[in-house]
Amino acid sequence: MDGTADIDLDSPAAPLLEVRDLRVHFKTDFGVVKAVDGVSWSVNDGETLAIVGESGSGKSVSAMTILGLIQSPPATFPSGDILLRGKSLLKMPEKQQRRLRGKEIAMIFQDPLTALNPVFKVGDQIAEMVRTHQKVGKLVAKRRALDLLGEVGIPNPAVRINQYPHEFSGGMRQRAMIAMALANDPQVLLADEPTTALDVTVQAQIMALLSKLQESRNTAIVLITHDLGLVASHADRINVMYAGKIVEAGSTNEIFYRPRHAYTFGLLSSLARMDHRRQERLTPIKGVPPSLARVPKGCPFHPRCRFATDECIAAVPPLESVAGNGHLAACVHSDQVGMANEERLAHG
Amino acid sequence: MVKFVVRRLVQAIFVIIAASLLVFLGLFALGDPFASSGEKVVPPDVQAALRAKYGMDQSLPMQYLTYLGNIFTGDLGIDFRQRREVSEMLTAVLPNTLRLALAAILIDVIIGVLAGIIAAVWRYSFWDVFVTILTTLAIGIPTFVIGIFLLANVSGIWIFPVVPRSFTVEVPWYQEVLLPAFTLAIVDAAFIARLMRGSMLEVLRADYIRTARAKGLSERAVIGKHAFRNSIIPVVTYVGISIGVLLGGAIITETIFQYNGVGFLLFNSIRNNNQPVIMAIVVFGVIAYVVLSMIVDILYAFLDPRIRLS
Amino acid sequence: MSVGGGAPEVVPEQLLAPTQPPEAVAEPEGGAPTGDRVKRGQFRDIWRRYKRNKLALVGLGIVIVLAVIAIFEPILTPYDPKEQNLLNTQQPPSGEHWFGTDVLGRDLFSGILYGTRLAMIVSLSVVILALVVGITLGAIAGYRGKFIDTLVMRTTDIFLAFPFLIGAILVVRIFGDSVQAVIIALAILAWPTSARLMRGQVLALRESEYVEAARSIGASDTRIVLRHILPNAVAPVLIYAFTSIGVAVVAMASLAFLGIGVPADEPEWGRLIGQAIQVIQIPGKDYLWIFPALAISITTLGFAFVADGLRDSLDPKLR
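Protein chains in written order, with the working numbering: chain A, 690 to 1037; chain B, 4 to 313; chain C, 5 to 323.
Worth flagging that the hints you see were computed from the coordinates, not collected in a lab.
These numbers were taken from a predicted model, which means no experiment stands behind them.
Mixed in with the good hints, there may be bad ones.
[What the hints assert, rightly or not] With a straight-line Cα cutoff of 30 angstroms, these simulated DSSO-like cross-link-like pairs (lysine-lysine) come out:
id, chain 1, residue 1, chain 2, residue 2
1, A, Lys824, B, Lys228
2, A, Lys784, B, Lys6
3, A, Lys901, A, Lys824
4, B, Lys6, A, Lys792
5, A, Lys776, A, Lys810
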């Protein structure tokens, strides 16, 4: 788990899932919305990559694009590609894509109550997942559903399998969703804010479940969230997104202890941390995230950034290496940020 | 679930009794329902017989009980004109109204649901606009205008029988039912199409549809199974109530086409001042409507598991 | 990469973050009584939104025309609408009689105009009556809850159990054929729906925060209902009122068509059609029923468009 963030295209082993310079633009009445604007990352078996950002940073859209859930008009894909073990997903015909959905790549969503169909039994919905991709009979599918429910820790699965989503508690529903997602042993699991709608204690349980399942199945997990705390204990690597671009990427340790982008630094400063002394001031980031129809020129974060100078407005800073171990940042003042962070850590 | 059904049943019975009380008070208490009025003279022996049957010489509460008793035993009196048993008259025409109602429902459900789904799935397309315009017009133009229009221009053409026609002309029921059923169906189809479209649009935005797609289901399965099952619920409710209304007698449509159903019977009875028949049909209409509303409510609970358990 | 078929998974809304800080929100909620300036601004906003809907404007035009005809009818009719001339029946439209004459020799054009006035008067009376009763009972039921609520709800159940026309026929039979009977009959059938609507609104608003605030400063119940709940609850009821006017017109016409309600000598639209139906199979007699039919349809459509327009402009979220 040492964070080999491999965006080097010449690397010998193709990564499991790779996103290359992906752009997703929407034509709207407000202009062109650049939801995802030149994003590249990859993830391998058994790894957990976290994509962190506020609402409107484009993190969900990138995940949904992988699964082909983005409607093509009004969305366009001006450039970039998504590769699953080297095979292009964007260029694949719809029928083939559908075969991958739920089989090689599966997704769990934020609100399990609305994500499950209220008029069908939970067991049937899981069985449906199985039967869509495997040629098995109803009974076999149902038994598989039963096994899965047990695997995700739902007590009394034989009873639960015939119940409806609203009869489950929030945490159990999310477990059921996870069971459904893993029904066909996918290689990649996309988790879009899987715990946001849940109580804090349940959050921990769900994340623990995901870790356990990942260990036994060697699944790659892409964890999309705005919750840095969640990420700290469960991710191997982190991509920080802002206004449709990745602004910083690196291993969890690097990001948390040595942030080099002003935005990341701002995020961390606004977090209350147990390992710091009590007198530390929480400093929120002033302003609001920009509308993706009117992204600020140059570095999109500059209007809210305390390190910003004219250089930041002139051009979009490229995402480049700042520490040689796969840690990248797109900030002109990355050194300054580094120093400000040292200071902060030193003064508790 | 059982508790729910029982509760609804009790409510239905209560409403029927209360409504019949209103009818009773209206007709009996506010005047002699069996007296002659206007030009129609009620034969005195019939008057006397009816008065006796309904206990009109007794106190008001007793009258009401007699009235209720008569209804529940199916004894609805004798009509003024032909001295037939009213219950006989009613049961003679009831099958026609049933046929009409079912034919109309069949037509408007098929057309309405299909049109609604297509309009929703291909939103903003030509079809969507077309359906929206048509349904607006169909809802704005009253049923009887549509009926008259069809009567004036379509009856007598092709398979549609001529109206008016004499008794001697035999017309098979499946032809006879066409024009009135179609007239009734047009407005309901418009409502259903709109309802289905709106419901489907809302459902298509739901998260579980996204989940269904994420599972790799074909678009046909997503719409035909997941979306449909959820969006059809309000339509079912509407159709149920529609049946209730139609069973109560589509007076206007039946009259326009001289279709021999409950509504036409009512119309003729009004013209002839045939009180017992009028009363019987009114009560029947109420019962049909209330019973169907109850069935609809129970059906709704059956279709939507979320309601079942509360 | 696209999802087949056509079902839209449009731009996720979070992407369109507000371009101004959230504090600068537009209009204040209806009902907050902070003086006339606010009210006038609101009306202008509503009108602005209303104007955008072409159909709604058409509907408004229709309604205005109907109102003008209804008010000025005595001046506008070339003939006495009730004057029969049995020597001159069923004349097709001509220079003398623009719409022709009906089965009783009455001038159809005047008849249609008179029918407009009748329709407007009756339907307005019905709707106002039904609304007054319905809103009051609905508000009380919704606000007080418990026993009164159950009582009102059961009562509406009973009235709603009557299929529309049957109930109307019943009432008219009891009260005899007259315009007043028709008004009462239709109002009796219409009040339950507005009562339920109002009750629903009041129930929802009863728990809102500004009501709590008013209660906490000791405002009396009546005051709360009148000043805080009513103005906000009124919107859907108002929309319903406009649709109801159209429905009332059709109901009255249906009754008259059957020969019930409005007395025979009144050239009401429905009755004109009813009288025309006897000769309908004879070709060339279309003018006898087309004009009243058009009148009914245009009226209903006009009010329906206005109702739709109101719905969109009073609360865009409602759509």
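Hints, verified against the model:
Our distance criterion of 30 angstroms between C-alpha atoms is met by A/Lys824 and B/Lys228, whose separation comes to about 19 angstroms. With a C-alpha separation of about 48 angstroms, the suggested pair A/Lys784 and B/Lys6 falls outside the 30 angstroms cut-off, and the hint is violated. Distance hint between A/Lys901 and A/Lys824 is fulfilled; the C-alpha atoms sit about 28 angstroms from each other, no more than 30 angstroms. For the given pair, B/Lys6 sits about 44 angstroms from A/Lys792 by alpha-carbon distance, which is inconsistent with the 30 angstroms threshold.
Using a Cα cut-off of 30 angstroms, the hinted pair A/Lys776 and A/Lys810 is violated, with the two alpha carbons roughly 36 angstroms apart.
Hints 2, 4 and 5 from the earlier list are contradicted by this structure; the remaining hints agree with it.
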